[in-house]
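**Q** Okay, here's what each chain looks like letter by letter:
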Amino acid sequence: MTTATTLVPETGFIRWRSVHAIWWRHLLALSRVWQVALTWFVIEPAVVLLAVALGIGQLVGEMEGFGTYAMFVAPGIVIGTAMFHAIFECSWSTFERIGQSYYETALTAPVTIPEIVLAELLFAVTRALISTVAVAGFAIAFGWIPLAALPGLMLVSVGVGTVFGGIGLLFAALSPSMHALSLVFTLVATPLYFFSGTFFPIAVLPEWLQPVAWAAPLTPLVELARGMALGELGRVHIYCALYVLALTALLYPLAVHLMRRRLMK
Amino acid sequence: MIAIEARSVVKTFGALRAVDGVSFKVERGETYGLLGPNGAGKTSIMRMLAGLSPISGGELFLSGLNVAEHSRAVRARLGVVTQADGLDGELSVRQNLEVFGFLVGLSRRQARIRADEVLGFFRLGDRASSEVDELSGGMRRRLAIARALMGEPEVIILDEPSTGLDPESRIRVWEELAELKRADVTLLMSTHYMDEAETLCDRIAIMHSGRILDEGTPPELVSRHAGSAAMDIRPNGSSRESIRRQLDASGLNYREVGALFRVTGGHGAPPALPTIDGIQVTERAANLEDVFLALAGRGLQEDQA
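Quick mapping for you: the protein sequence lines, in order, are chains A and B.
Using the working numbering, the letters of the first sequence map in sequence onto residues -11 to 253.
Using the working numbering, the letters of the second sequence map in sequence onto residues 53 to 357.
So that you can see chain A by itself, here it is in the shape it has in the complex (with noise of 0.2 Å):
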């Protein structure tokens, strides 16, 4: 008899193996397209942060407080990255799964979906790092963010893969077509990607329009970002800090809920 048919008690835990494999199988399928893989992970903003630092850089000159506009911009950068892939992977990807049946098939084996959701937030968080760690490394390179800087916005990249893998999942789950689920990036990513104080600082805004900013999700992980890049951390970042924390919360017994309500018929 192999462990697989042991008995396994019933409800309320986690079986981190579950969670484990579906990560590891991501992983897996992902590393199988690498060379693919790394147009997104470099290229793609290289591109992003070459043109905006060293283009729109040229105009905008000296940031009070901030230095260059480049070492504004950066953190902003890395962050909206990460997000993309986030939301990435727990909208598009996740949605093709549900389609081809991968959760289904996970079911049949010893599986629940509270184990599902987490294996993919923690593989949105994977998502998130590896971008970072890219995006990141590049602007090191041309000295917009010190090297020291690193593991906090890594630290702050787990919160960009917990609550914007959650918001992909939520639309993953609500979506009768991929046409439906092409919304999260018109209405969440894109907007939030240039209002979020990434690219500009959300004072520059009317001021109407500045509540609604800072309650932006991205908001709160970029002013983060950009705390860490400085080495500037204060109260602000508290509540920074405990607002990712409080999103992180919410969203997921509601994307457990919602893909049960997906998967179980």
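Please keep in mind that the hints were generated in silico from the structure rather than gathered at the bench.
Every residue gets a Cβ at the ideal spot worked out from N, C-alpha and C, and that includes glycine.
Mixed in with the good hints there might be a few duds.
Unchecked claim - Derived CB-CB ranges, DEER-like:
(1) Leu162/A / Ser291/B: 57 to 67 Å
(2) Glu84/A / Glu231/B: 29 to 39 Å
(3) Leu16/A / Met53/B: 34 to 44 Å
(4) Leu16/A / Arg175/B: 18 to 28 Å
(5) Trp4/A / Gly116/B: 22 to 32 Å
(6) Leu162/A / Glu231/B: 36 to 46 Å
(7) Glu227/B / Arg248/A: 38 to 48 Å
(8) Pro241/A / Arg276/B: 52 to 62 Å
(9) Arg164/B / Val21/A: 17 to 27 Å
Stated by the list, open to error - Residues from chain B that keep clear of chain A, each with C-beta distances beyond 12 Å, as calculated:
(10) Gly216
(11) Asp218
(12) Gly289
(13) Arg296
(14) Asp329
(15) Ile331
Start from chain A and add chain B according to the hints.
**A** Okay, now just chain B, sitting in the frame of chain A:
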């Protein structure tokens, strides 16, 4: 020893009763078939057993474990092949097996060894490093069955194992399933092919509209509902209307299927046919299809009543 037991199981989707109070028992080592048309409730029963679908009423047991309460433990003892195959197109053939083996609880090393075993058993060894998309339909189905065997399950559920396969692949799947049966694995399968049910199953439940119409070994069912001998009548000059009238008058059991009138109910000898001109008669042994037509016909009449 009972491997699977269903007690008045019900599955509802809104107002629809997809499974409407189904009870049956499957002995360990037995191959049990749920036979019926699409929409009969076969897949719903299997999905409930596999924990993929909540049970609306009644109870399901696997090896004495209540499925509703011990879904995880049940699935640890179960191998499931769904209609969709659910093969992972982003992984190779071998990786499909190893990753699933790891998921059910094998170590990476055990999963590698077990993958070799099942690849050998299903004669897929030379396709181990292929992409799933490169496999034929028959190979895909066999890989899906191989994957279900990774955790050495006590019971295997197969939802229409040969649907969509060409005749040769079908027979190959049948041979391999028969091999599993010799290894004392319990199989619960659904099918809408009479020949498949007759070839593979020890016992069959004939399902229609969420209910089991009758249950038994294939020969039992045939003799109970279709007698031992049957005949097919093909019009050859005579009008269908006239044949119909004469058969009705004779009181014989018959069904019109396509161009044929299928007459059943002969015991020991073919049904005693009145003399009808302008027909061509073929005598044959009664089979499950006759049973199904007889039972489902009755079921349909009840539905309309």
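**Q** Would you mind marking each hint as holding or not holding in the structure?
**A** Going down the list of hints, with the structure as the test:
1. Leu162/A / Ser291/B: 57 to 67 Å: 59 Å, holds
2. Glu84/A / Glu231/B: 29 to 39 Å: 35 Å Cβ-Cβ, so the 29 to 39 Å window holds.
3. Leu16/A / Met53/B: 34 to 44 Å: 39 Å, holds
4. Leu16/A / Arg175/B: 18 to 28 Å: Holds, since Leu16/A and Arg175/B (Cβ atoms, about 25 Å apart) stay within the stated range.
5. Trp4/A / Gly116/B: 22 to 32 Å: Holds: the Cβ-Cβ distance is about 28 Å, inside 22 to 32 Å.
6. Leu162/A / Glu231/B: 36 to 46 Å: 44 Å, holds
7. Glu227/B / Arg248/A: 38 to 48 Å: 39 Å, holds
8. Pro241/A / Arg276/B: 52 to 62 Å: 54 Å, holds
9. Arg164/B / Val21/A: 17 to 27 Å: For Val21/A against Arg164/B, whose Cβ atoms are near 23 Å apart, the range 17 to 27 Å holds.
10. Gly216: Since the minimum Cβ distance to chain A is about 15 Å, Gly216/B lies beyond 12 Å and the statement holds.
11. Asp218: 23 Å, holds
12. Gly289: 53 Å, holds
13. Arg296: 44 Å, holds
14. Asp329: For Asp329/B, whose nearest Cβ neighbour in chain A is about 56 Å away, the distance exceeds 12 Å, so it holds.
15. Ile331: Per Cβ check, Ile331/B is outside 12 Å of chain A; nearest 49 Å; holds.
Violation of the numbered hints given earlier is absent; every hint is satisfied by the structure.
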